[in-house]
Amino acid sequence: TQLLEQSPQFLSIQEGENLTVYCNSSSVFSSLQWYRQEPGEGPVLLVTVVTGGEVKKLKRLTFQFGDARKDSSLHITAAQPGDTGLYLCAGAVRGAQKLVFGQGTRLTINP
Amino acid sequence: NAGVTQTPKFRVLKTGQSMTLLCAQDMNHEYMYWYRQDPGMGLRLIHYSVGEGTTAKGEVPDGYNVSRLKKQNFLLGLESAAPSQTSVYFCASSFMSNQPQHFGDGTRLSIL
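As they're listed, the protein sequences go chains G and V.
Once you know that position 94 of the first sequence is 94 in the working numbering, the rest is easy, because the numbers rise by one and skip nothing.
Once you know that position 82 of the second sequence is 1082 in the working numbering, the rest is easy, because the numbers rise by one and skip nothing.
Looking at chain G on its own, in the form it has when it is part of the complex (with noise of 0.2 Å):
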């Protein structure tokens, strides 16, 4: 059974401050997907990283794919109140007909 375990799972700071989220796992993925979930809505894709390696930028969002391909992150800079909701990554396994969700990360930013 394939596990995606991110850190961490509650995280609140100053409007301004860098964060860093974590997805681990010890399985190898073909593609890793960040969504963002806001209050009251479904999860929305926020960007998918392929490569091992990769770094993909999305304004004030830095995503990297681990070397090993088992492992990502999502650096926020200068983080803004917009930026609060629930950040997840999802896996995807070669050969496998779904997807593999981390549990989850709590963002709050205060102004």
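Any given hint could turn out to be false.
As the list claims (entries may be wrong) - Some chain V residues flagged as far from chain G (calculated, every beta-carbon gap over 12 Å):
(1) R1044
(2) S1049
(3) G1053
Stated by the list, open to error - Taking lysine to any residue pairs in the SDA-like style, the calculated list, with each CA pair at most 20 Å apart, reads:
(4) G:K98 - V:A1056
(5) V:K1057 - G:A96
(6) G:K98 - V:P1061
(7) G:K98 - V:L1045
(8) V:K1071 - G:Q97
(9) V:K1009 - G:V93
(10) G:K98 - V:K1009
(11) G:K98 - V:K1071
(12) V:K1009 - G:Q37
(13) V:K1071 - V:M1027
(14) V:K1057 - G:L3
(15) G:K98 - G:S26
(16) G:K98 - V:E1030
(17) G:K98 - V:E1052
(18) G:K98 - V:F1010
(19) V:K1070 - V:L1013
(20) G:K59 - G:E38
(21) V:K1057 - G:Q37
Stated by the list, open to error - To give an idea of the chain G side of the interface with chain V (calculated C-beta under 7 Å), a few residues:
(22) S30
(23) E41
(24) G42
(25) P43
(26) L45
(27) K57
(28) A92
(29) Q97
(30) F101
(31) Q103
(32) G104
Keep in mind the hints are simulated off the structure, nothing from the lab.
Ideal placement from N, C-alpha and C gives every residue a C-beta, glycine not left out.
On the provided structure of chain G, position chain V as indicated by the hints.
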């Protein structure tokens, strides 16, 4: 752009009652999924479908049944609701199993 539509958005049931949650997608996706989301538990997969007429069990299938009679619709049924099934239910769809999933906005279900 409807995407994935879930109905109803809210529902309160009494223990033992039955109901069906409907998910409809207009993206011609093959794969559809039902998840439940509880505080601190992330998303847990209930059942999924890899195409019209197919269904498969996920991580927490007990107490639920599903049907995929049409490609665009995926129904989740609770035959005899229990308080432990109080949760937020999300439907999702994707073109292929390793591709990003598109989620509906959820159904908030309370079982009294």
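Which earlier hints turn out false for this structure, listed by number in ascending order?
-> Per hint list: 1, 2, 9, 10, 18, 19, 21, 27 violated.
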